[in-house]
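Model the placement of chain Y on the given structure of chain A, informed by the hints.
Residue numbers (the working numbering), protein chains in the order written: chain A, 1 to 454; chain Y, 1 to 454.
Everything labelled a hint here was simulated from the structure, so no lab data went into it.
Same chains, same names: a pair is fine if it fits in one copy or spans any two.
Using 27 Å as the maximum straight-line C-alpha spacing, the simulated BS3-like pairs for lysine-lysine come out as follows: (1) Lys299 <-> Lys282; (2) Lys238 <-> Lys39; (3) Lys39 <-> Lys17; (4) Lys417 <-> Lys401; (5) Lys299 <-> Lys238; (6) Lys401 <-> Lys282; (7) Lys17 <-> Lys46; (8) Lys38 <-> Lys300; (9) Lys299 <-> Lys38; (10) Lys417 <-> Lys282; (11) Lys300 <-> Lys39; (12) Lys417 <-> Lys445.
Number of protein chains: 2
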Amino acid sequence: ILADLANVDNSRERASKLLQWLISPVPSRTFFSETWEKKPILIQRKNPDYYKGLFSTAEFDRILREEDVQYGVNLDVTSYTNGRRETHNPPGRALPYNVWGFYKSGCSLRLLNPQAFSSTVWNILSILQENFGSMAGANIYLTPPGTQGFAPHYDDIEAFVVQLEGKKHWRVYNPRVEDEVLPVFSSPNFNEADIGKPILEVVLEAGDLLYFPRGFIHQGDCLPDAHSLHITISSYQKNSWGDLLQRMLPAALEIAVEEDTEFRRGLPLDYLTYMGVQNSDKDDPRRQQFFSQIETLMKKLTTYCPVDAAVDQKARDFLHDCLPPMLTPVELASSVKGARTRWEGGQVTDESLDINTQTRVRLLRAGCARLCSDGEAVHLYYTTANSRVYHQEELQSFEVKAEFTDAVEFLIHSYPKFVTVGSFPCDSTEDFVSEIVLAELLFEKGIIHTSEPL
Amino acid sequence: ILADLANVDNSRERASKLLQWLISPVPSRTFFSETWEKKPILIQRKNPDYYKGLFSTAEFDRILREEDVQYGVNLDVTSYTNGRRETHNPPGRALPYNVWGFYKSGCSLRLLNPQAFSSTVWNILSILQENFGSMAGANIYLTPPGTQGFAPHYDDIEAFVVQLEGKKHWRVYNPRVEDEVLPVFSSPNFNEADIGKPILEVVLEAGDLLYFPRGFIHQGDCLPDAHSLHITISSYQKNSWGDLLQRMLPAALEIAVEEDTEFRRGLPLDYLTYMGVQNSDKDDPRRQQFFSQIETLMKKLTTYCPVDAAVDQKARDFLHDCLPPMLTPVELASSVKGARTRWEGGQVTDESLDINTQTRVRLLRAGCARLCSDGEAVHLYYTTANSRVYHQEELQSFEVKAEFTDAVEFLIHSYPKFVTVGSFPCDSTEDFVSEIVLAELLFEKGIIHTSEPL
Chain A
1 ILADLANVDN SRERASKLLQ WLISPVPSRT FFSETWEKKP ILIQRKNPDY YKGLFSTAEF
61 DRILREEDVQ YGVNLDVTSY TNGRRETHNP PGRALPYNVW GFYKSGCSLR LLNPQAFSST
121 VWNILSILQE NFGSMAGANI YLTPPGTQGF APHYDDIEAF VVQLEGKKHW RVYNPRVEDE
181 VLPVFSSPNF NEADIGKPIL EVVLEAGDLL YFPRGFIHQG DCLPDAHSLH ITISSYQKNS
241 WGDLLQRMLP AALEIAVEED TEFRRGLPLD YLTYMGVQNS DKDDPRRQQF FSQIETLMKK
301 LTTYCPVDAA VDQKARDFLH DCLPPMLTPV ELASSVKGAR TRWEGGQVTD ESLDINTQTR
361 VRLLRAGCAR LCSDGEAVHL YYTTANSRVY HQEELQSFEV KAEFTDAVEF LIHSYPKFVT
421 VGSFPCDSTE DFVSEIVLAE LLFEKGIIHT SEPL
Chain Y
1 ILADLANVDN SRERASKLLQ WLISPVPSRT FFSETWEKKP ILIQRKNPDY YKGLFSTAEF
61 DRILREEDVQ YGVNLDVTSY TNGRRETHNP PGRALPYNVW GFYKSGCSLR LLNPQAFSST
121 VWNILSILQE NFGSMAGANI YLTPPGTQGF APHYDDIEAF VVQLEGKKHW RVYNPRVEDE
181 VLPVFSSPNF NEADIGKPIL EVVLEAGDLL YFPRGFIHQG DCLPDAHSLH ITISSYQKNS
241 WGDLLQRMLP AALEIAVEED TEFRRGLPLD YLTYMGVQNS DKDDPRRQQF FSQIETLMKK
301 LTTYCPVDAA VDQKARDFLH DCLPPMLTPV ELASSVKGAR TRWEGGQVTD ESLDINTQTR
361 VRLLRAGCAR LCSDGEAVHL YYTTANSRVY HQEELQSFEV KAEFTDAVEF LIHSYPKFVT
421 VGSFPCDSTE DFVSEIVLAE LLFEKGIIHT SEPL
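Looking at chain A on its own, in the form it has when it is part of the complex:
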């Protein structure tokens, strides 16, 4: 699949094809209208090789041997026996001898942030994130036969459980009350007595997929005859309307206070004598007036909501959360990362980029850069300098001068089409200096690539 996807020219299309493959044969459209955020869905394939190559226990072993895996940071050792959930992380580096000892004694292994160690997982998540407009994360779970690693609980993310090896017995339960539907926080560990009867009980086999929305309680345990390896792909943490409003309301009020005297007018002189909890049982007409003034102001506040600016705040957070793109060979050859400049025979060769007005360029990925205004200046934020470890790097951006904003916007909106540097809408001089300066800057930051290797 990933080899096929590398041939898909448009990163948005690539993302939606990958998601389609993940949930096939259910059509994406049906999935998002009927299942997403609504209910669990089980896809059984009778095809143990369907997700082959994504990740394996052999790869897990390689990572333990070759990479700096730290207990508590990259790896958790857990058990759940007789209703008791325990973590057994020793301090320090997780070495194979020790880790496999835990496993043999019946502990589950949870590999956190596997995209930092596995290029395939990195690739998959970095493609998928563009589909969700929200970070795509993952954990990998390896569970010995006849054991369970975790207590029943619910999470604050949308979960795709992808069974890679062996099998696992899953039970999924409805949210217990309305307040736990699409929750904002993950739950504590539950007792069996707390959670009622499962609405779904199944043995997931290699090649199968189980999806459930945040708030659905779940627990998985291994049958006596088989181990289980699965990866849980997650998304939509803190990506609700409430999260957007949280960004927007303080700004909305600030604008309202600035622009509208009604918001700056003093509270009624005597409001403390009829408002407040100690007066809430009073049947005072001034209370009604007070409430109706609040209502009037709230209505007005709606008109001051800086919706696009608040979306940009969310977008900036998302761009910071993003994995950097993992380049296809074609992308590599045509971007700064694959530029031919090299040390050869005692000489630096091919050092010039030679971008000219005829060079055709586009964004490296649809979502790899974004123009946001902070009220005064316009900045271009980009993901190409991010790290594979969550937030290891600061979010990168630079100020886009007024004469370049139209050109950058033009580039963003032209994707997936390549456009010539000469066609950038800058105030052109005869020799297109501005256009070439801008293209060189964007190319050097890895934000754009060219239609043909330079």
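This is chain Y only, laid out in the frame that chain A set:
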């Protein structure tokens, strides 16, 4: 006036009588409907003794001699010459020799927080604050003949300029633009060129009053033949509808997210591709849908606004800002501060309070205590332990147990009537233990006093 006010039994009435005296002959009602927060008003009395006893330059001198007045903290030395505003505070204690030297050389003196040094100012402000439901503050300004101490500017408070001695030439200017009407912040110093023509120009003489709302630019200078001493009484800083909303909105959203799934639902999968500043020029029907969803949620948010709880937050801040009450002789004799218990002839005498079911009590002042709920527990906040220096003490409160809340509320709402301890609505045992325990607690904290000295 203050001697008369001491005979007014109801602290709210006392407060409104004091304000009425301040702005007399304009009736309070007319003042608040036509002038307050709207426009300047000038009251000329031809009675230099009208405000006599409030404060004097002799008192200023006494304070410098007897109190620990610190430059920069309690006293500013300023000048405004040739359009240039300067502060001349040396470090350390402001001693008379030094201060009067500055004055003789043409500097203005501004005494900050004068209520900490003058009991009369303390008394006046502590009474007035109850009228405003917002802190009443003051500064005292002493200006030598023929000088000006401050550049033209506007403030973020409602200002009552009370001329105590001499005279001062005032010019008041309209807010320059709509955004500066009832402003949230004070202005920088202006140049004459910035401010246009005054709408009011007058020589204020002892006994006169000038009021202007926040946002009105003003400057005052002394005529060559007379010095000026005035006190500016201020109120309504950060006491607008916007300030209340600022407290309320985060809580409203938290409640909405907790109670309403609509707020927890995920943002549309692709919203980043059509929302945000870089897409704001797009004519996309999904943008309209997005805006209309925001509108729907904002409308719903209104219904989740915890108005009374937000008022309680403001009330708590106000109670913390409040000056402690300055007791009248009658109040002193009937409150814990005047309790007879004393050291006499090697013995502690009169040590018992003897509160019984027949004892008649009420709050010391209408606004001296307030019952607020923080969602889980109910607390009684009170001002009687505050200090005369702004926020020198923490806001005092204690938790009111469930069995006492009705009784405390009953007490608060009974003011100005005295009620017997036996009439407190507690679940009474035969010997009224609870009622007496509560009354003793409130008496000891200085929150209630008795109808007759104990």
